[in-house]
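Protein chains in written order, with the working numbering: chain D, 1 to 222; chain W, 1 to 399.
Treat the hints as calculated values from the structure; they're not laboratory data.
Built from N, CA and C at the ideal position, the CB exists for glycine as well.
Check before you lean on any hint, since a few could be wrong.
To be verified - Pairwise CB distance ranges (calculated):
(1) Glu-294/W - Ser-62/D: 33 to 43 Å
(2) Leu-271/W - Gly-118/D: 51 to 61 Å
(3) Gly-118/D - Leu-11/W: 15 to 25 Å
(4) Ala-349/W - Phe-92/D: 56 to 66 Å
(5) Ser-41/D - Glu-392/W: 18 to 28 Å
(6) Gly-118/D - Met-290/W: 34 to 44 Å
To be verified - These stretches of chain D come out as covered by chain W in the derived footprint (C-beta under 8 Å, 3 or more residues):
(7) 53-66
(8) 79-87
(9) 90-104
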Amino acid sequence: MICLRGIAKSYEMGRDWPIAALRSIDLDIERGEFVVITGRSGAGKTTLLNIIAGLARPTAGSVKVDGVDLWSLSDRQRSLLRNRTMGFVFQFPSLLASLSVAQNVALPASLASDVDGGGRERAYELLEMVGLADRRFSHPRQLSAGQQQRVVIARALVNRPELLLADEPSSDLDEETEAEIMTLFGRIHSETGVTIVLVTHAKQLVAYGTRHIAMADGEVAD
Amino acid sequence: MRLRSLIALALHNLADNELRSWLLGLCAFAIAAFAVTTVLVVHGAQESLHLAADRLGADVVVVPRGAATQVDGALLMGTVSKTWLPSSDVARIAAVPGVAVASPQVYLESLSHASCCAVSRMFIVAYDPRTDFTVGPWLHQSLGGALGLEQAVGGCRVTVPVNHNIMLYGYTMWLRGKLEPTGTNLDQTLFVTLPTAYAMAHSSRTTAVRPLVIPRDSVSSVMVKVRPGQAPARIARSIADAVPGVTAIVSPQMFAAYRSQISGLLRILLLVLGLLLVLAAAVTAALFAMAANERRRELGVLRALGASCGAVLVALLGEALTLALVGGLAGALVAAVGVGLFHTLLISALGFPFLFPAFGRLAGEVVLGLALALVVVGAAAALPALRVSRQEPADAMRQ
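Okay, chain D solo, but in the shape it has when bound (with noise of 0.2 Å):
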């Protein structure tokens, strides 16, 4: 499904002092995968997320989805391709302080050319999945940070995705919410077959997935 060949991120830090985030990555991942990437801080997880989802343009090498080349494609193209096939759960919160929960779940499908009527019908069918039906009129701020993940979650599978991609979605939450979130994963995975990568610098999340890849460096390590 993802097939990455002599993926290179560099960035500029100042005047002539490139800084390498990702080196030279060849890596495939199929459909119906659990891929969870670990890696410290600055091994460059992130970045490579950015680049399989098409948020950032890689230095050099190519990125395909499905065979299609993302940077062979104009940005309309892209946001077109990424809101029908990837969903997105973040690391920071990402909810629109401005909206209401049902309306931060059925964005991406109002942000597609969907009826209103099915994006929303379909919201509501998800926050019942992650057992948030009841706080579909509450705002952001109302939520504990581990609701809000779980309406990210929603959100990202609105527009029934076939690639869903993780960043560190459980980083600023306790344990047990850590683990309530890991399992829902799990789940929408099992029941879905939808694709995941999930980047994460804590290695008993490892667990959860179907296939692990450990990043140092900017580099794939084993």
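Chain D is already provided as a structure; the job is to place chain W on it using the hints.
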């Protein structure tokens, strides 16, 4: 991508950032309000002078030497001229080669708050019905005949209804019609024939609180129509040479002092408008850059969720233009209503007349002010919006 969703999101943002929204709206309000006021006053004043000159219908106006400003003031602002021409000058002016008609006028005013006058301090123009070409053609066209004794026509703002009697100096006249608006004092002026004016003066000795005095054998001005093919400027020079003690003004140069006053005001208003535009654009750009920067992560998330670079740009500009539309429309309407309500007060304060436009032109001027607010706010917001929307989503989210 659903633009409607992004616009809806923009509206949510506007509601959530009240202070910023108010400030941006205020910029648009100020631009539109000032632009509409400027256009209404300056354009209205120019229109007023143009219509007043048209109303007089003369190619050349002859007034006592040094009294041009006084006569302008009498016609435009109702400040009655106290200088007179000997009536014998009328014949001398008529005899100047190239002059087709020379028609005298006498400028008078009614008393203030006197029981013998139905209307307080009204300007009166008395014309010679044998030679008049200013009001006469209109009377023939609209009323089917000339004014007789004890008859009058008024400007559009004369308060007495048409076909009713109006009493001045205890002398009753029949108001036969009203003229189109000019925005000047002519709109509050009563037009009568010279015989009616003399009859009123005669009657006032016994009927008025204070009698109306018209100096014997004197006129206030002489309206001149030149023969076809003759240059009014040349005829005006000939009149000035042939008749001592007069100033002959060609019609386009009438109201010169007022024209210069309006030009001066226009320059000042345009300068202030220019400064206001620069200031409003700078404030808008700064506020918008701050807001866009604060929302970088949110915009990055939107991009990640599938909003294209163009859609985010449209949403941001939509936010700015929504504020500009609301603020600008409010500003333009407040200015239009304010100028309309305080029209008379503004005329006194500015010292020159201006015509408040009819609905069609007023709507056009409101749209113009609104368009200016939209352009300035839109242009000021475009740069920060473009910069943020073009940022790589991963960079935008990495705050």
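_Could you work out which of the previously given hints the structure breaks and list their numbers from low to high?_
Structure breaks no hint.
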